[in-house]
Amino acid sequence: MAPLTAPKSGDALFASVDRVNAELFTLTYGAIVRQLLTDLEEVEEVNKQLDQMGYNIGTRLVDEFLAKSNVSRCVDFKETADVIAKLGFKMFLGVTATVTNWDAEGTSCSFVLEDNPLVDFVELPDTCQGLHYCNVLSGVIRGALEMVSMKTEVTWVRDMLRGDDTYEMRVKLIKQVPEEYPYKDDD
Amino acid sequence: MASTACFVIVSKNDVPIYEAEVGSAPKKEDLAYQHQFILHAALDVVQDLAWTTNAMFLRSVDRFNDLVVSVYVTAGHTRFMLLHDSRSDDGIKTFFQDVHDLYIKIFLNPLYLPGSRITSSHFDTKVRALARKYL
Amino acid sequence: MVREVAESCVDGVVMEMVAVYCGRFYAAKPELAARRIEAIGFQVGHQLSERYTMERPRFSDHLEAIKFICKDFWSELFKKQIDNLKTNHRGTFVLQDNRFRWLTRVSLDPSAESTDATDNDSAPLGDTAAQTTSMLLYFPCGLIRGALTNLGIPCSVSADMSNLPACSFVVRIKT
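Protein sequences, first through last, are from chains A, B and C.
Going by our numbering, the letters in the first sequence line up with residues 1 to 187, in that order.
Going by our numbering, the letters in the second sequence line up with residues 1 to 135, in that order.
Going by our numbering, the letters in the third sequence line up with residues 1 to 175, in that order.
Take these hints with a grain of salt, some might be off.
[As the list claims (entries may be wrong)] Here's a subset of chain A near chain B, in silico, CB distances under 10 Å, partners left out:
id, residue
1, Glu23
2, Thr26
3, Leu27
4, Val33
5, Asp120
6, Val122
7, Cys128
Just so you know, these hints were derived from the structure itself, not from any lab.
Keep in mind it's a predicted model, so treat the numbers as computed, not measured.
For every residue, glycine included, the Cβ atom is placed at its ideal position computed from N, Cα and C.
Take the sequences, apply the hints, and build the full model.
This is the structure we're talking about:
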């Protein structure tokens, strides 16, 4: 399905939104993570909250994305993944992700992030080894995809904070709700 | 390069959070203690001096025999203190400024508790490299 | 070059933080929620004040530090300066932003609050939007207090939003 108006390029998209100094974002998120670590006893519980926060943010960001990017609703998962990696990440975080490692069925793939503004300055102390610091990002992807009728599972497979060479999240399509106006599907 | 140089970072609450012997002279434990003792004694002088100027770099604030204490105070009153026998003010100033850059990165780590010990080995390596370069 | 991200990212995490603490954790104890939100702001302000003072002379008095908050610090955060600064010369300063960015940008629609509706049952009804706003403002109060505390000025900070979208921050320096 060809888009009606040509979608903007990632750079043009990022240039068109209101932007702020990334440090405010990075440090605010970091302070939230630290407060959650203080308030919740289990690291696993912190991971869950971060994912839930991301999910909620994702469900809101998707509207802004569709409104500003001129991207018409994508039909299949592959196309959607490409749009998120090239335009979605760029519009909000100013970086692009690479989509890779598709499985044979075309229902799961990886987003790879070389450059991740969320973790500037972060070093995990030994006491936080189980922490998925970037869980908000996977939550955002899950939330945003659900708003366009794709139910997914998103998990981290590589994490530089834990010593890997890059950031990689695995996105697995669970089911796609074929609906023309998916905005109304939560009743 | 300075044969004696002892560098410490003191938090705003007067707690040492990082220390390193960075001179070229062979390391001796009892000397290291003495150096830190001299630096600690200089803290009071720094305290008084810091409010009289708005410069970050305070030159030779104290002396001990042929050793000099130079200090750099950040806006947040973290103090970088160096006990040294070299006389290169420019080198010392650059050393402090570059350590300040490194320190900011530690300080901005959301999971670092301000005023707690700096345990990053990366930081330690970099500080020692700067000392070799500038002192 | 300074790295940037979309402003929506900051709005998103700030709103979610408020939702987490006021809705999911401390729905029945707003004063605890407020303290956590302020603490998060405090940490950020504490860090950023050290960061943004790197290239400048240290402050030798309170007024200089307050002016730094009004100009440089506010500009880095909100791309504008504080519009009006008043003081009683006895340690109280009022910093007014005529159009506080977070109050004009952030959606205060409580119904946008996610999937966890069931957990929010205990949230008090009534002026929810106003309550969310007042909770949200603990964050910038914490930012200011954290920044000043790091600069050696212990104080308390409160917000006055009786004139929306203007917002005043009242700084009381502890002696």
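Hint-by-hint comparison with the structure:
Look at Glu23/A: its Cβ gets to within about 7 Å of chain B, closer than 10 Å, so that hint holds up. A hinted interface residue such as Thr26/A counts as satisfied when its beta carbon comes closer than 10 Å to some beta carbon of chain B; here the least separation is about 8 Å, so the hint holds. Among the interface hints, the one on Leu27/A holds; its C-beta lies about 6 Å from the nearest C-beta in chain B, closer than the 10 Å criterion. Taking 10 Å as the C-beta cut-off, the interface hint given for Val33/A holds, the closest approach to chain B being about 6 Å.
Against a cut-off of 10 Å between C-beta atoms, the interface hint on Asp120/A holds, since the closest Cβ of chain B lies about 8 Å away. The restraint placing Val122/A at the interface with chain B holds, with a minimum CB-CB distance near 6 Å, inside the 10 Å limit. Interface hint at Cys128/A: satisfied, since its Cβ lies 6 Å from the closest Cβ of chain B, which is below the 10 Å cut-off.
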